[in-house]
Amino acid sequence: MGFSLLPKEYEFFDMFDKLTAYSISASKYLQEIVGRGCVQDDDVIKIKEIEVAADKVTYEIFDKLNKTFITPLDREDIHSLAHELDSVIDMILKLTNLMKIYSINGIDEKFVEVLKLIDNAIFSISKAVKGLRNNKSYQTVKEHYIEVDRLESLGDKLRNEAIAELFSGKYEATYIMKWKDIFQTAEKLLDHCDDVAKVIETIIVKQA
Amino acid sequence: MGFSLLPKEYEFFDMFDKLTAYSISASKYLQEIVGRGCVQDDDVIKIKEIEVAADKVTYEIFDKLNKTFITPLDREDIHSLAHELDSVIDMILKLTNLMKIYSINGIDEKFVEVLKLIDNAIFSISKAVKGLRNNKSYQTVKEHYIEVDRLESLGDKLRNEAIAELFSGKYEATYIMKWKDIFQTAEKLLDHCDDVAKVIETIIVKQA
Amino acid sequence: MGFSLLPKEYEFFDMFDKLTAYSISASKYLQEIVGRGCVQDDDVIKIKEIEVAADKVTYEIFDKLNKTFITPLDREDIHSLAHELDSVIDMILKLTNLMKIYSINGIDEKFVEVLKLIDNAIFSISKAVKGLRNNKSYQTVKEHYIEVDRLESLGDKLRNEAIAELFSGKYEATYIMKWKDIFQTAEKLLDHCDDVAKVIETIIVKQA
Numbered sequence: 024m025g026f027s028l029l030p031k032e033y034e035f036f037d038m039f040d041k042l043t044a045y046s047i048s049a050s051k052y053l054q055e056i057v058g059r060g061c062v063q064d065d066d067v068i069k070i071k072e073i074e075v076a077a078d079k080v081t082y083e084i085f086d087k088l089n090k091t092f093i094t095p096l097d098r099e100d101i102h103s104l105a106h107e108l109d110s111v112i113d114m115i116l117k118l119t120n121l122m123k124i125y126s127i128n129g130i131d132e133k134f135v136e137v138l139k140l141i142d143n144a145i146f147s148i149s150k151a152v153k154g155l156r157n158n159k160s161y162q163t164v165k166e167h168y169i170e171v172d173r174l175e176s177l178g179d180k181l182r183n184e185a186i187a188e189l190f191s192g193k194y195e196a197t198y199i200m201k202w203k204d205i206f207q208t209a210e211k212l213l214d215h216c217d218d219v220a221k222v223i224e225t226i227i228v229k230q231a
Numbered sequence: 024m025g026f027s028l029l030p031k032e033y034e035f036f037d038m039f040d041k042l043t044a045y046s047i048s049a050s051k052y053l054q055e056i057v058g059r060g061c062v063q064d065d066d067v068i069k070i071k072e073i074e075v076a077a078d079k080v081t082y083e084i085f086d087k088l089n090k091t092f093i094t095p096l097d098r099e100d101i102h103s104l105a106h107e108l109d110s111v112i113d114m115i116l117k118l119t120n121l122m123k124i125y126s127i128n129g130i131d132e133k134f135v136e137v138l139k140l141i142d143n144a145i146f147s148i149s150k151a152v153k154g155l156r157n158n159k160s161y162q163t164v165k166e167h168y169i170e171v172d173r174l175e176s177l178g179d180k181l182r183n184e185a186i187a188e189l190f191s192g193k194y195e196a197t198y199i200m201k202w203k204d205i206f207q208t209a210e211k212l213l214d215h216c217d218d219v220a221k222v223i224e225t226i227i228v229k230q231a
Numbered sequence: 024m025g026f027s028l029l030p031k032e033y034e035f036f037d038m039f040d041k042l043t044a045y046s047i048s049a050s051k052y053l054q055e056i057v058g059r060g061c062v063q064d065d066d067v068i069k070i071k072e073i074e075v076a077a078d079k080v081t082y083e084i085f086d087k088l089n090k091t092f093i094t095p096l097d098r099e100d101i102h103s104l105a106h107e108l109d110s111v112i113d114m115i116l117k118l119t120n121l122m123k124i125y126s127i128n129g130i131d132e133k134f135v136e137v138l139k140l141i142d143n144a145i146f147s148i149s150k151a152v153k154g155l156r157n158n159k160s161y162q163t164v165k166e167h168y169i170e171v172d173r174l175e176s177l178g179d180k181l182r183n184e185a186i187a188e189l190f191s192g193k194y195e196a197t198y199i200m201k202w203k204d205i206f207q208t209a210e211k212l213l214d215h216c217d218d219v220a221k222v223i224e225t226i227i228v229k230q231a
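Residue numbers (our numbering), protein chains in the order written: chain E, 24 to 231; chain V, 24 to 231; chain Y, 24 to 231.
Quick caveat, the hints were computed from the structure, so don't treat them as lab data. Among the hints, erroneous ones may be present.
Note that the list lumps identical chains together, so a pair holds whenever it fits in one copy or between two copies.
Below, in silico cross-link-like pairs of lysine-lysine (DSSO-like), each with a Cα-Cα straight-line distance of 30 Å or less [said to hold, decoys possible]:
(1) Lys165 <-> Lys133
(2) Lys165 <-> Lys229
(3) Lys180 <-> Lys79
(4) Lys71 <-> Lys229
(5) Lys211 <-> Lys90
(6) Lys203 <-> Lys117
(7) Lys41 <-> Lys51
(8) Lys159 <-> Lys123
Produce the complete structure using the sequences and hints provided.
So, in structure tokens, the structure goes:
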């Protein structure tokens, strides 16, 4: 055993990187849809494919966790990190699906802004996750999870402005309903990004 | 002790069967209401009675769990299973209550369909729970929890269609609000059924 | 160590009292806003300040929990109690923010009633939390958490009536949307109060 133990444990980090790579793909794809201003049937299917692939990796992590005696991070942190990363991708699918159900047409500037925040948050998450392998990079990891928290606060502010604007009297009730739901779902997505950041913070604090 | 230990442990299964019997009663009653096309004051009271009875059994399970040294399944699985079964009945009460608050009148074909899915899911859950007593029936248990998952996916699809239809331009804003809420709550009920199925899956996987 | 151990442990109770004091301040402030009938920019900022201060205490509790070997209550109960008390204050901020976003103007009698329930529930929680220090006061603690449960049921009833009234045909769709959201958020706040009560019940039951 001896020497072979460590490399095997490190497979957890490779699997986490796979999950963040899926979240980046899904986010890029969603940005493309929103930039184009309409959702096609194919779009939901493609993001669903990413979500299914991410689900598979998440289960592999849980399975490996059950079979591994010594883990490179606390068991519950590995579990939470996998679970929360998976939730981010689930929410991207949910948001895409909502845009499809509501037949969203046209580009909303504020929504494009929110999606940019989401994409930046997911990028920071991927960097933070990569940094978990090596405690020499913990300072950078910290900067990344603080950045996610900052982006989430910005997202809150944007959502508040967007919803206040929806209720300003200029829009029809059904239009308000659709966009309120979409902005709230986007904000939940950012909340999930922040949940990932919080798990990473917990990991770093423990190791300090 | 010795011989008396085992039969006592098996009381957990009897209590789970009680919970699934309550969920079946509540689901049948809800189907009757929806088939009739209007909710009466009495209806909410009757489903509330079932919910209170189920709550009582759930607490008995938690209490027995605290007092039992050797349990027939992992403690946390017994806890989750009781909790999730109880949540299914809570959601049936919530859905009935919503129909009452919104003074729902008339029969919606898609909603009848969703309730049929819910009733089937609850039936499969009851069969799966019954099968937990004996590892010879695990193959059947597995078929049942897979079926719940299938029904939940169907429910997702139906809800998406129903909400897209609500926003098609044919309906008034307040009508949309009510039915959107009702379809989403029905879908959450199905999600809770799926949560039960997932706990059962966890139990089976561990024993395999 | 010896003698100094116990007093230090009891700092947990002081910190819980701080949290309940913050929840009382926030609730009083919210009542003032609602009584006045409009939210000003300053109001959200002031409640945000209370929320940030409460967050700080919550983290201090978590931190102390990590560093304390012998705790005066079960570790997971201390964690849950801090977390749930913090959630109550978060929800007060959320509710205030919602009133701001929706530019709520004027006084709604039913909403004033719901806020009175919330304020009473928070008062009972503060008394129950104070009573946790001494098992001689457990009977009083019990009376308080039962009272919170009673207030939560009353809140459910009020919300149902308020929402049924909103959908009675007298109101515009956007008005309904805003107030539905506000009454549901207020009810969630009461649910969180009840969650605190349930944690306290768990603690008392264990000690009995």
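Results of checking the hints against the structure:
1. Lys165 <-> Lys133: within (29 Å within a copy, 46 Å between copies)
2. Lys165 <-> Lys229: within (13 Å within a copy, 37 Å between copies)
3. Lys180 <-> Lys79: between (35 Å within a copy, 22 Å between copies)
4. Lys71 <-> Lys229: So Lys71 and Lys229 pass the 30 Å test across copies only (29 Å; inside, 35 Å).
5. Lys211 <-> Lys90: neither (33 Å within a copy, 33 Å between copies)
6. Lys203 <-> Lys117: So Lys203 and Lys117 pass the 30 Å test inside a copy (15 Å) and across (16 Å) alike.
7. Lys41 <-> Lys51: Within one copy only: 15 Å inside, 45 Å across.
8. Lys159 <-> Lys123: neither (44 Å within a copy, 45 Å between copies)
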